[in-house]
Structure formats: C-alpha cells, structure tokens
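**Student:** Protein chains in written order, with the numbering used here: chain A, 1 to 293; chain B, 1 to 293; chain C, 1 to 293; chain D, 1 to 293; chain E, 1 to 293; chain F, 1 to 293.
What the hints contain is simulated information worked out from the structure, not anything from laboratory work. Predicted model, so just to flag it, every value in this text is computed and none were measured. Please note that the accuracy of each hint is not assured.
[Stated by the list, open to error] Straight-line C-alpha distance at most 27 angstroms; calculated DSS-like pairs for lysine-lysine:
#, chain 1, residue 1, chain 2, residue 2
1, E, K212, E, K167
2, D, K212, C, K11
3, A, K244, B, K244
4, B, K212, B, K167
5, B, K212, F, K83
6, E, K244, F, K11
7, E, K212, E, K11
8, D, K11, D, K83
9, B, K167, B, K11
10, F, K167, E, K212
11, A, K212, B, K11
12, B, K83, B, K212
13, A, K83, C, K167
14, D, K11, C, K244
15, E, K11, F, K212
16, B, K167, D, K83
17, A, K167, B, K212
18, D, K212, D, K167
19, C, K244, C, K212
20, C, K83, F, K167
21, D, K167, E, K83
22, A, K212, A, K83
23, B, K83, E, K83
24, E, K11, F, K244
25, E, K11, E, K83
26, C, K167, D, K167
27, B, K244, A, K212
28, D, K11, C, K212
29, E, K212, F, K11
30, A, K11, B, K244
31, C, K244, C, K167
32, D, K11, A, K212
33, C, K167, C, K11
34, D, K83, D, K167
35, A, K167, F, K167
36, F, K167, B, K83
37, E, K212, C, K83
Protein chains: 6
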Amino acid sequence: MFFHRQELQFKSTPDQPDAVYARKLQEVLGGQYGEITVAMQYMFQGWNMHTPGKYRDLVFGIASEEIGHVEMLATMIAQLLEKAPLGITGDAVQADPTVAAVIGGTDVQHAIVAGAGARPVDSMGNPWQGGFITASGNLLADFQANANGEMQGRLQAARLYHMTDDKGVRDLLSFLIARDTMHQNMWLAAAAELQEEGAENLPVPSNFPQSKEHGAVSYQYLNFSDGPRAADGRWASEPTPDGKGEFSYHEGPTTSAPMPPPTHPDSRFYGTTELPNVVEKIAGRAQDLLNTE
Amino acid sequence: MFFHRQELQFKSTPDQPDAVYARKLQEVLGGQYGEITVAMQYMFQGWNMHTPGKYRDLVFGIASEEIGHVEMLATMIAQLLEKAPLGITGDAVQADPTVAAVIGGTDVQHAIVAGAGARPVDSMGNPWQGGFITASGNLLADFQANANGEMQGRLQAARLYHMTDDKGVRDLLSFLIARDTMHQNMWLAAAAELQEEGAENLPVPSNFPQSKEHGAVSYQYLNFSDGPRAADGRWASEPTPDGKGEFSYHEGPTTSAPMPPPTHPDSRFYGTTELPNVVEKIAGRAQDLLNTE
Amino acid sequence: MFFHRQELQFKSTPDQPDAVYARKLQEVLGGQYGEITVAMQYMFQGWNMHTPGKYRDLVFGIASEEIGHVEMLATMIAQLLEKAPLGITGDAVQADPTVAAVIGGTDVQHAIVAGAGARPVDSMGNPWQGGFITASGNLLADFQANANGEMQGRLQAARLYHMTDDKGVRDLLSFLIARDTMHQNMWLAAAAELQEEGAENLPVPSNFPQSKEHGAVSYQYLNFSDGPRAADGRWASEPTPDGKGEFSYHEGPTTSAPMPPPTHPDSRFYGTTELPNVVEKIAGRAQDLLNTE
Amino acid sequence: MFFHRQELQFKSTPDQPDAVYARKLQEVLGGQYGEITVAMQYMFQGWNMHTPGKYRDLVFGIASEEIGHVEMLATMIAQLLEKAPLGITGDAVQADPTVAAVIGGTDVQHAIVAGAGARPVDSMGNPWQGGFITASGNLLADFQANANGEMQGRLQAARLYHMTDDKGVRDLLSFLIARDTMHQNMWLAAAAELQEEGAENLPVPSNFPQSKEHGAVSYQYLNFSDGPRAADGRWASEPTPDGKGEFSYHEGPTTSAPMPPPTHPDSRFYGTTELPNVVEKIAGRAQDLLNTE
Amino acid sequence: MFFHRQELQFKSTPDQPDAVYARKLQEVLGGQYGEITVAMQYMFQGWNMHTPGKYRDLVFGIASEEIGHVEMLATMIAQLLEKAPLGITGDAVQADPTVAAVIGGTDVQHAIVAGAGARPVDSMGNPWQGGFITASGNLLADFQANANGEMQGRLQAARLYHMTDDKGVRDLLSFLIARDTMHQNMWLAAAAELQEEGAENLPVPSNFPQSKEHGAVSYQYLNFSDGPRAADGRWASEPTPDGKGEFSYHEGPTTSAPMPPPTHPDSRFYGTTELPNVVEKIAGRAQDLLNTE
Amino acid sequence: MFFHRQELQFKSTPDQPDAVYARKLQEVLGGQYGEITVAMQYMFQGWNMHTPGKYRDLVFGIASEEIGHVEMLATMIAQLLEKAPLGITGDAVQADPTVAAVIGGTDVQHAIVAGAGARPVDSMGNPWQGGFITASGNLLADFQANANGEMQGRLQAARLYHMTDDKGVRDLLSFLIARDTMHQNMWLAAAAELQEEGAENLPVPSNFPQSKEHGAVSYQYLNFSDGPRAADGRWASEPTPDGKGEFSYHEGPTTSAPMPPPTHPDSRFYGTTELPNVVEKIAGRAQDLLNTE
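So here's chain A without its partners, still in its complex pose (with noise of 0.2 angstroms):
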C-alpha cells in the first residue's frame, strides 16, 4: 500500500514562470530516462521478485522516493507554465517575435490539453510508455539497468542544469542530481554484493551451464569494421571481467554458414517463388483448389 503526504522532499518553485523550459523539464518526468520510467521499474522488481528481504526492501524503498521525484516536478512544471502565453498567432507574431519564439518553443499540449498543467510525456511531447521499464527478474540483470538509468538520469538533469539561470529551477536539479549520484552508487552496489555472496555472478544469467554456448566464440573480439584501433582495447587481449576466459581479437566473423536455401510455405499465401517453378507452381495452385472444395 501506499500513503501520500502532502509535503515534498524538497523546494520545487522556480523564481519565475517559463513555459519553454517547462517542455524540457518534460524529459527527466515522462521520457525514457524520466522519474516514472524509475518508479515503474522498481515497483514492478519488487513485485516480481523471487526474493524476500534486502534487496525487496531496497526497490520498494527507492521506488517509494522516485513517484515523490514525480511530483516534485509536476509541480514545478505547473509553476513554470503559470503564466503561460495564450499564444495568440497571426498578426501577434508579426508584432513581437520574441512572443512567437515562446509560442515556438513551448509544448503546445501543455496549454490546449491540460490548461497550464504537467502532462505523462516526454520533453517532444511522447507519451510515457510501458515498454521503457525492465524488470526481468534476474537482479544482477536489473540492477545493471538500474545503474545505466540513474546514469542516463543525472546525465539529462546535468544538460537541463545548464540550460536555465533560474534559481529556484536550479535548486531542484542540484536536489535531483545528488539523488542520482546516490541511487548510480547504490545500484552499483547492490550489484557487487550479489556477486559477493554467489547469487548472481558474470556472465548474467550466471547459471545457465556454460557447457550448453558455443564456447570457441564466447570471448573473441570480432571486427565487422574496418577500423583497427578496436585491437587496442582491452577487450581485445586481456582476462575478461567475469574471470573465466580471455579476449582474442579476429578481424571479422571465425565462423561462417551458407545462407540457407529460400522457404516454400503455402502456396495459399500468394509468395513469389522461383521462375522455374511457375509451371509447377500453377500446377500445385490447382491441386491446392481442388483441395479446398
């Protein structure tokens, strides 16, 4: 269950409206990287996790902290567009480009849908969607994600930083930005310690029988382009992290297959197959036709 308390972590008003900044503000709310992708994805771990205890406790903690993240920027948002232009065009524009650049830059949604107020979107005006969560169940897997969407999170909040010189607007970020530095080192963390104590190890999934992949090719670097500085890295020649092999380095594929020969389904369904076989095919039409009578 969850409780609201009407109280936010933190200062959330800028010192003065800006309906173009509000649309950016739009991304690090309802963009891929956005506070509800966090929140969904931790609620939806913990809700599928196999798992009592720390790390339960852990995603139902933060996923608790990152919808109260989503609030604070609704609610900045809504400042931001307080004093929203009506926009009015046509001579307008004509009279005062710099109301028209506004009008330009803003998310027009935010006016005509929902009346000076945030929206479930990201910063071009896509909705919010369920397909940018990930919660797969395997937690050496998830917290790797976790991990790239604090990093991807605080990076957006950094560029949205420098694009404002309001106060107020600021404050929130530098709010958001150490909460980002807090939940990339947690989730880094909580990642090392389920190595540590043997739940989940490299490569993830860590218990599927390595005897079962095709192990001449599970630590080659193939090149499948021409640049050849890639040989310099040390994926190309050293130890490899989950500490079972070494990288060799191959220019391009060490395993070839012919290209298997073209499928014949159905005729019923009206392919295109070899012009040698037309006769034929027009022959098995028929005798298809005479079937489905």
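Dock chains B, C, D, E and F against the given chain A, drawing on the hints supplied.
**Tutor:** Then chains B, C, D, E and F, alone, in the frame of chain A:
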C-alpha cells in the same frame, strides 16, 4: 558504408518447422532488447561519438555483427514458419484441438501480413521502435546501457533455449548466447578502461561539478518503504563505489518542503479555481473578455 | 453505407493563413479528444450495439456528423497552411527572427510530409490511434465516455478560440463549440433516459449482482493522503448517487492483508532467489538439466 | 511524498496458478482503463489543480489507493504465473494439446521478458501509455472522465469475474468491484457538488460566454443517418440538462457552406495542381528557380 | 459532409460464430493496410488536394465507399463474436483443450474491453494509427501509395479467404477482393492518366529540376551485396522507365568520401571526447563554469 | 553478414551548423519514408523471399546501400548540431528572440537526450517503428510498395532541398535525390520484369482464382460522393490495366443488403440490450447466475 555477404555467421536452420516457437523467437529479434535494438544502439553511438579511435572502432565493429544476428534470426524464423498452417478455424477447431492450439500460439500476422516471414516486432506483436535505444554521447553511461542490453538479451536467449528441444534452434541460440557472453564482458571491460584512462568516472557525468549538487543527500539511503532489511546492504553503511563518500541509512526523507500553493493560470484556460474566488473569477472573466474584444 | 456530399456543414475559411495556428488546431482534429476520436467512437458503438432503435440511430446519426467535422477542420488547416513558408533556416534565421519564430511553432511535417496539408495527428505530432476510443457494449458507461469526450473537446475548442483573433477561424470554432454544447447535453440526456427506462442503472454494470461484491467497502471513502478536507465533501457522509448506500469517511484503509510470500517460478527462468537457497538452487538447477537432457 | 507499507489492502492470492488468466488480468492493471491509468490520472489532476482544499485532497487520497491496487494486481499476476510452464513447443505440442493450448493463451513476454512476472501492459501486450490519462484543469470535465474510468473499469472487472472460478481471484475482484462502486458514486457526487457550489456548470467549460457560440445550433439534434427512431429520445424534444435550452429535431444539417476552393501552396512543395494550369505551373516553377539562385 | 444509410453494401453475416477468425479479420479492418487506412488515406488526400475536378471527385468517391467497408467488417466481426465464450480458465482448460485452444486464439480484448464487439486494432491487437496513411499532396506519388495499399489489402484478404470455410465470411471476402481488383486497376489507371496529361511524370516529383541532382549516379545500379545475379535484371542495363536514361551496373559504390571528423559540441553536454584532450577538456570545463557563474 | 567500412558513399558535411535544420532532416532519416524504413524493408523482403537469384540479390544489394544512407544522414545531423546552443531560456529569451526562435525550432531531445547527436526519430520526434515497413512475400505488391517509398522519399528530400541554402547539405541531398531517381526507376523496372516473366500479374495476387471473387463489381466505378467529374477519368470507361475487363461508371452502390440484426452475446458481458427484453434479460441473468453457482 555497409556491405552484405550472402553468408551467415552461423548455421541457422531448425530441424523442423514450429510456428509457435517462431513467434517466441521474435522477442530477441524485434523486442526491447532484441538484436535490432543493439544493432541500432551501437550504430547511433558510433555516428554521434565525439572521439575517433578505439571506442568508435569498437561500436562500429560490433554494430555490424549485430545486423548479421538480426539476419540469422530472421532466416531462422522464416524457416520455422515454412509449414505454418493456414489455420482454418470453425469446424476444424472442433475436430483437431492440436491444430487449434498451434494457431492460438502463433503471431497471426506472420501468416496474414508476411506470408510466413519474419517481422520487425516482438513476441507479442508490438513493432520495434526507436524509443528502445540509448545513445547519449557519454560513453560511460552508454557502455553501461550496452552491458545491460547484452545481459537482458542473454537472459532472454537462455529462457528461449529451454522452450524448445529443436537441435537446430538450440545450436543457433548457443551461438548467440556465447556472443552475448563476449559482449557483456566486452562492454564491462570498455567501461573499466574509460575509467582507468581517466576519460570518465563515477558518478556519470563525472565532470559535472559536484559542488553544484545538493551534497548533503548524495550518499544517503532514504527508506520510503517499511521494510527494515534495506539497512543490511552495503548501500547503507560502506564506502561508495565512486570512492567519494560513505553511505548512510535514514528512515524516510531527511529533507522536506511544503507543497507550493496551487497555480492560477490565465482564466481563459477555464481551469477550476478556489470556490471563494468564484465571484472574482467571474469578474476577471468579464474583464478578460472586454480585453479580447 | 456512407455517402459524401461536397459541401461543408459550416463555412471553414480563415481570414488569413497562419501555419502556427494550423498546428494547434490539429489537437481537435487528431488528438485524444479530437473529432476523429468521437467519429470513430460513435461508429464502433453503433456497430457493436446489441439493440436496434433509438440508441443505435442516435450514435449513427452523430457519428456521421463528426466525420464532417473532421472534414471542416482538415480543410481549415489546409487553408491556414496555404502560405506556409518553406522555412529556410541558416542565415535567414539570423536575418529575420519573426520568420524563424514561425518555423519554430509549426508542425514541420505539415510541410515536409504533407506539402502544406492536414494530417491525422495531434498538436504535438503524435499520430491518432485506436487506443483513444471507447466502445464497451454497455451504453450507460459509453454515454458517460461520450459526455466526457464532448466536455474535453469543448474545453479545448474554447481554449483555442482565445489563441487566435482570426475571424474565420473563430466562426468555425463558435460553430463547433455550439455543437459540443448540444452533444454534451444529448449524451447526458441519453444516459438519463437509459436509467429512467430501467435499461441500465448505477453502479455500472448494474446487473452484476451486488451480493458478489465485497459490500463492506462499497461506500467507504478511504483517505490515503493526509489532506483532511476530503472529509468535507458530500462523498464522505451523504446518500450515494446510486441510491443504494450512504458514504462514510475513514482515515486510510479499513482492510489489510500481509504481502504474499515471493513466488518461485521454474529455475530455468533464471530469476534470483533467496540467498539461503543458493545451494539448493544449484542442486535444483542440476536436476532440471538432467531432466532436459 | 509517497510512503510504502509492505502490506496489501486486501488478500491477493489465487487458489492455484493460471497463466492464461494472468494475461487477461493485465487488462485491469495496464490497459486503457486499468489501475495504472486511474492512479496516474488522479495524481496529475492533483498536481495540476488550481484550488487547494477538498477536491485536491480527494484526488490525492484516491490516487494513492489506486497505486496500491496496481500492487495487488501485480502480486496476483506473479502468483498466477508461478507455475507457468516453459512452454516447450515442437513435439510436445503434438503430444499434449492442453499444454499447447495454455501456451497459446498466455502473454509470452510474461515468461521470456519478465521471468514469470507482471508487466505494465494490457491483455494484448500493448504497453501502458501516457495518452490514456485525462487531466485538463477543469474539474467538472475531469470528474466526468473519472466516473467514466471507474465505470469502464468495473465493467471489465465484472467480465473478468466470470472468466475464472478461482476463489482467490474472485475475492480480489469482488473487492476491486466494490471499490469501483464507491469510486463511481464518489466522482458523480463530486461532480454534483461542483455544480451546486456554482464552481462549474454545464456545458463545460461553463464560463466560456455562450454569446460567442453559434447559438442557433446549440440545442439542435441533426440526424446524419437514416434511422428515424433517434427522434424518439428525450434529446429530440425536451428541455436540455444544462437548463438553458430545449432540444429540437432535424433531418440532416440546418446549415451548409460550399467547400472552399483548393489551396495552392508554394510550388516548391511539388503538389499536383489543376491541369489547365500546367503551363503556368511550369512557368511559375521556372520563376521560383530563378528566385532561388 | 457525410451521410449514413442503415444498409450495407453487401451481405455480411457468417454462417456461424468463430471468435478466433474474428481476431484474424481485424487485420483488414484496423491493420496497416486495413480499411480504416484506405478510408482515411483517401479522405486526407481529398482534403489536401490542390486541384478540383476528376481526381478530387475520385478520392472522395472511393473514400466514402471504404468507410462502408469498415462497417461491413465491423458488423461481421461482431457476429463472429456473438457466441464468444467467456473463456473460463483453470480447471476448465484441463477438461476441454478445445475450449482452451479457442481462447488462446482470440483477441481477449474483444471480450474484456468490447463485450464481444469489433475494435480499431489489427490482428495482433495493435491500435490503428495515423502513421499508416500517406497523403503528400503529390498525386502521382500518392496514387502509387494507393495502388500499393489495394495490392497489400487484396493479398491479405486472399490469405484470409483460405483460413475459413464459412460460406458467409467467404462471400464477404469475395466481394471485398473484387473491389480491391477494381481499386488496384483504378489507381494504376489514374496514375497513367496523370502522366498522359503531363500533370506529373517520373521521377516523382517530376518538376524538381534534374540539373540539381547528382546526375552521375541517377541511373547506376550499385551492388552492395555479393549476389551476382542482380546484374541480370533489366534494372542493370536497359533504358529506364522514366525514359530519361539507361541503367548501368556497378559492383559497390562509384563514389566515396572519408568520414568527417567527430563533432565536439559544447562541453556542458558532457559527451566523451578524445583522450589526449582530457586535460584541455577539464580546462575548458573550468572555463565554461566560470562563464556560467 | 554485414561489414562496415569507415567511409561514406558521399561527402556529408554542412558548411555551417544549423540545429533547426538538423531536426527537419530527421524526417528522411527516421520518418515513415526515411532511410531506416527502406533499409529495413528491403532487408526483411530479402530474408523472407521464396526465390533465390536476381530479385533476392537486388533487395540485398540495395538494402545495404540504404544503411549507408542512414549513416550519411546521421553524421550530417551530428555536424549540423555541433554548435547547438544549450538554449538557456528565461531572461535570455527576452533578450534575444533569435536565439529563442532557434530553440523553438529544434528537437530538444537532440540536446537533452543525445548530447547533440542524431536519433532514430522523425522530424516531430516520433520514434521510428517497425509498423512502417512492408514485406509481404509477394514481390509485385512489395516492389509497388518500394517504388512508393522511393517516390515519397524523393519528394520529401526535394522539399528539404529548398528549406536550406547550405551548400554542403544541398550537395548531400542532390546525391540522395539522384539515388532516389535510380531506385524509383529500378523498382518499376523490376515490377515490369516480374510481369513479363509471368511470375506475377495484375491484380495482385494474380493467382488467386478470379472465379472466386464477386466478379460483377470487379471493374465498376461506384461513386459514393456527389462530385460528377469522376466519370471523366479513364477509370470510368476504358479497358482496365490488368487487361481483363472494362471499367464502368455507377452513381453509388450497385448492391446492397440490410444491416444484420444486432448481436446478443452472453449476458455476462453486461452489454445493453433491447428495452422490451429487459425483463427477459433479468430472468436470463438470474439463470446464468444459477448456472455459475
């Protein structure tokens, strides 16, 4: 530029057709973490990269291999579909539940739309979409995303391995799983190399000045759920992975702020406002209208 | 069957072109509550309806009018776009910020994709989609959805009215707003008639036996936030609109249950399980593998 | 801020696993009218609200409950999936049509992507999306949307009730259905209260000056289909629900206008124009080209 | 304006219900090339057309017919669903695999969402979307798109014809297939007429001055795969269909250029740059920060 | 297999950055008819093809070239974005409308998400999606789709040509336009060759037995709009392009059928039925309930 060779990297032929399994295999072709995703992700990372040399050669080298994996899966799927039944329903279903069951398990667009061919969709028929990829320009963040992609991908391939006993399909999967082993290791090695060389560090992005973040909460675990065992993890009391702090544990938030007062946008957005203000609202409305004459 | 007459229901010509406004007008053409939505919604309600007679005649009668509204908006948009600038950027932007501002405010696909024509998208360029409509087969629920559609639609049209001072555009909007007035009233009247005739009642669906619902909580207001004033509404203490109960007010839930223990699916899904079980897990894994040989 | 308690509002455990039903239950979790939709819808209404007090407390109070309903459904789905078969196809299908049938009825991403866990998608696997919610800033319109959401939701839950005979699942549904009963009544009561207090009225938005709408058609039923019985409804001849007019009935439109002449955008959009103009078009094209040198 | 007549263009009643087939039929109602697509496509082409007269009359004439086809399919689907089972799973599946198989093959939203009615989705449940249509303003391009739409549509209908032996369904399909025959011929005739009249020609758009294209490669077949037989086609050595050139065949590209050097955007985007530049990067970063104080 | 060469097919460097134009150029990279679409479309046609030889070599040969076009556009876009402003809004907008205008015209995700890099989206920011491609297995239909794709693509590139005066960008476009000229001609030639060889014919699919279509309407023009001039086209009275019939012209439908009676699904779907039946409905409902005990 890309060049195609009419050969596959590995043999991709099933022992026998299986239209139900063909649909499942779509997940690792066109799903969130399928081969189209990694191919596109690495290509866009290459095109957007700000540095020549080994990292760019790396992403191009692997990107091209991954398009070849798309190809192997697509040709495998077409072969699995080769004997796809037309799937006559009606009386036939009554007569043969096995046929009916098969129909129920297939992607019916395989038959109706593609004439027994592969499609750029996932195992539930959702089209692949650009929103699945990550290419931020920051290599440490993106290599984390890549490692996650290969982990989720290997996990799904391992699950799919157990969902068939077709030797030909399992051979292909054992090859793809081995390459995922390589690619997981490779991206983790590349992420490590970036940090050793001092090009990037934690937290991402490492050159955003930490003095600008709200440092008080940068290493605090804040527990917003009532599960007590989150305090037992190393994210609650040990040095942080970025080497810059020490985790501390707190029940709930360490900061708070009152919710800001509601906003009052232009009355011509027709939002509902406070009831005591109804009279003024009507007056304001009247004034607005006079202004718009 | 549908027949087209090359006439419009109302004059739809702007006084002057305005490519920025054309983009905004897309919202009521192709947005969540645009005319395509209501046209499609009423048509599908008609095709799925289980009763002949006045209700079916009603939805067909209005559905056809709404396609005509799509037409009026599309022709209006095409005219607003008639002088759409090519929008040369580069030096031109430096030279004339007004031109640049206009470009910024437009739907650039209007120019690039449609050659200055209308498109089936909303004001942020998201394509119209079937997921916007509601046609459940239950008329009381659906007439409620219809009334909502007309309310949101009239609200958006009213906002758009204030975003232009073009007389021709305002004339069209004043016509559409009037029809929305009619349609709001009409669906509310139809919903009332359904209830008077006893065909449907509250709560929807009214013939699901209420004995089968967990009646103890059917009329309880449960407050999961800490705002105390929710207790002041008529939803906290008065007879309920369905005439079958009386509202009561409660702080938080009146029921609760422990979270069920975590699930343990087949180990071949490679989910992470409890740590104490790791040994057993490996053993189980071994057993599974033996079984799959 | 949101706080999580590791308890459920109601017992959510099936008597036995049922992977096919798990997929169906996704509809009320992640569908157009599922619990994610109402949770998000009420939250955004709260964040965008222009008035403090009982209405804001109301939406926050219920929003938080609804996230808890998402949680109950997600944990139920995970349990229904606990014995989800790996679903080996091929020979197995031939051998056991029942197993095959089960596979056909499941969401295969439950197994492949989530490792037997719940997902933020509907019963056909479409991801939940932000485009499902409504939060316009106008409370009368939005409470109408909320009532509709609860009606469609209760209708779907009632249908799902009959699709299983599992006692545990039915218990949960009977609880959710009861809460939907409450929430339908509650939003209708809140909508009524808004009107009694004079905060909002019909038609929505009530303070758009009706003098600005094309009043002649504001209460006319215009029949664009040939079904005559639409004239029998109270929407054809009685006083209107907004108390401001009287319905009248008309066969077809009472207004019309000629279609405006076709538009002629800049010739560099390469649209096809009138044939008699081909010569001029070529000349114009030449002129344009001269201009662009 | 559009007017509806409560009659169908052709009899649309199945001999018996078949919920599995109902789902398949959704493809030609709401799929990429379903009837909604062609109806919408022709309407938007009409509304955006720059010429009055026969071509506009043509697109409007057919657009309206196509909405009627949507209607025939929707009513057919509703009838196919009339006896749709509730689909009780659990023990029932064990008892009767045939029932289970049927459930597996259905669109479960037909039952849960639409109460046994048609929906604006394709056969895998993806919603119809505006991104499916084409209306560019250039009639030759668009008639080509239309011919393609009718070809894909007829192909799918032909496949569907073989997936049922229901006489009523086959009758409807034989009617729709006949109309697709007409419409394929019609659009090809219209495309030919445009060229004969000199209104448009190949290549589209024909009045873009070919002097401005890089003419050296305008008629070269460049082979980027290693299949040698592409040299055997008439696209390798004969006069081109536009009558303006002659095809020539080349192994691989005839032009090439070095990849441009990597870009170096503002350092505040935090992209990773060349390693030798790390020192300068930090210095630059410091300078940026001074500038932003 | 695919191999990458770190070279471009043509020089792709702008004379100067232009972030607004970068966004427009996304259309031909990631839009409905952008280069990703044609690359993917031709690849899937190749993988699904039922015939070896020249047609398969053809689609693979061009598919690979098209990925290289994606690459040229992506590198061009990255360079156009190189000086993308951070876009500080707030006071800055007031001070410099030109800067503001530029911001308004950009894809803000270019900056926030990709750090000044290209993305797999169209010019309005909608992600590329698998639903854009066509690969049906029938080559005549698909080559028609391909010709359409190249026509729409060349049309969009021609429009984009006029939207910039940057010499470098225009050079790239003149190259791409020339390749589109080639590809239009090529697909039309290939379609002609298919017909000459007798592999496929009109109408598509040509081997569906025309005796099974409702031949009476196969060549009738049925006018559902009131524009009389559709009778003037060659589609109204001449021999049909498939050489099998002669067009005839008819005002409206030549066939009709009454609408089928409404359906009556299981009452537990809770649809609304005829009012005279309400009593029976309740009785039926009671019976159902007895049955479900």
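**Student:** Each hint needs a verdict: does it hold in this structure or not?
**Tutor:** Do the hints match the structure? See the list:
1. Distance check on the hinted pair: K212/E and K167/E sit about 57 angstroms apart at the alpha-carbon level, beyond 27 angstroms; violated.
2. The hinted pair formed by K212/D and K11/C meets the criterion: a straight-line CA distance of about 16 angstroms does not exceed 27 angstroms.
3. Of the pairs offered as hints, the one joining K244/A and K244/B is violated, with about 31 angstroms between alpha carbons and a cut-off of 27 angstroms exceeded.
4. For the hint linking K212/B to K167/B, the alpha-carbon distance of about 57 angstroms lies beyond 27 angstroms, and the restraint is violated.
5. The suggested pairing of K212/B with K83/F holds, with an alpha-carbon distance near 25 angstroms, which does not exceed 27 angstroms.
6. For a cut-off of 27 angstroms, the pair hint linking K244/E to K11/F stands: about 26 angstroms separates their Cα positions.
7. With a C-alpha separation of about 55 angstroms, the suggested pairing of K212/E with K11/E is violated against the 27 angstroms cut-off.
8. Of the supplied pair hints, the one linking K11/D and K83/D holds, its CA atoms being roughly 20 angstroms apart against a limit of 27 angstroms.
9. With a C-alpha separation of about 11 angstroms, the suggested pairing of K167/B with K11/B holds against the 27 angstroms cut-off.
10. Simply put, K167/F and K212/E have alpha-carbon atoms about 12 angstroms apart, close enough for the 27 angstroms limit, and the pair holds.
11. For the suggested pair K212/A and K11/B, the alpha carbons sit about 16 angstroms apart, so the restraint of at most 27 angstroms is met.
12. Among the hinted pairs, K83/B with K212/B is inconsistent with the structure: their alpha-carbon atoms are about 63 angstroms apart, more than 27 angstroms.
13. Restraint check: the Cα-Cα separation between K83/A and K167/C comes to about 26 angstroms, which is no more than 27 angstroms; the hinted pair holds.
14. A threshold of 27 angstroms between alpha carbons decides the hint, and for K11/D with K244/C the separation of about 26 angstroms falls inside it, so the pair holds.
15. Of the pairs offered as hints, the one joining K11/E and K212/F holds, with about 16 angstroms between alpha carbons and a cut-off of 27 angstroms not exceeded.
16. Proximity of K167/B to K83/D is assessed by CA-CA distance (about 26 angstroms); at most 27 angstroms being required, the pair is judged to hold.
17. Note on K167/A and K212/B: the hinted pairing holds, with a Cα-Cα distance of about 12 angstroms set against a maximum of 27 angstroms.
18. Between K212/D and K167/D the CA atoms are separated by roughly 57 angstroms; this puts the pair beyond 27 angstroms, and the hint is violated.
19. The hinted pair formed by K244/C and K212/C meets the criterion: a straight-line CA distance of about 15 angstroms does not exceed 27 angstroms.
20. Note on K83/C and K167/F: the hinted pairing holds, with a Cα-Cα distance of about 26 angstroms set against a maximum of 27 angstroms.
21. In summary, the hint linking K167/D to K83/E is supported, as the alpha carbons are separated by about 26 angstroms, within the 27 angstroms threshold.
22. For a cut-off of 27 angstroms, the pair hint linking K212/A to K83/A is broken: about 63 angstroms separates their Cα positions.
23. Our distance criterion of 27 angstroms between C-alpha atoms is broken by K83/B and K83/E, whose separation comes to about 31 angstroms.
24. In summary, the hint linking K11/E to K244/F is supported, as the alpha carbons are separated by about 26 angstroms, within the 27 angstroms threshold.
25. At most 27 angstroms may separate the alpha-carbon atoms for a hinted pair to count; K11/E and K83/E meet this at roughly 20 angstroms.
26. Distance hint between K167/C and K167/D is unfulfilled; the C-alpha atoms sit about 63 angstroms from each other, more than 27 angstroms.
27. Between K244/B and K212/A the alpha-carbon distance is near 42 angstroms, which puts this suggested pair outside the 27 angstroms criterion.
28. In summary, the hint linking K11/D to K212/C is supported, as the alpha carbons are separated by about 16 angstroms, within the 27 angstroms threshold.
29. At most 27 angstroms may separate the alpha-carbon atoms for a hinted pair to count; K212/E and K11/F meet this at roughly 16 angstroms.
30. Distance hint between K11/A and K244/B is fulfilled; the C-alpha atoms sit about 26 angstroms from each other, no more than 27 angstroms.
31. Distance restraint check for K244/C and K167/C: the Cα-Cα separation of roughly 51 angstroms exceeds the 27 angstroms cut-off, and the hinted pair is therefore not satisfied.
32. Between K11/D and K212/A the CA atoms are separated by roughly 42 angstroms; this puts the pair beyond 27 angstroms, and the hint is violated.
33. For the hint linking K167/C to K11/C, the alpha-carbon distance of about 11 angstroms falls within 27 angstroms, and the restraint holds.
34. With a C-alpha separation of about 18 angstroms, the suggested pairing of K83/D with K167/D holds against the 27 angstroms cut-off.
35. Pair hint K167/A plus K167/F does not hold up; C-alpha atoms about 42 angstroms apart against a cutoff of 27 angstroms.
36. Between the alpha carbons of K167/F and K83/B the distance comes to roughly 54 angstroms, so the proposed pair goes past 27 angstroms and is violated.
37. With a C-alpha separation of about 25 angstroms, the suggested pairing of K212/E with K83/C holds against the 27 angstroms cut-off.
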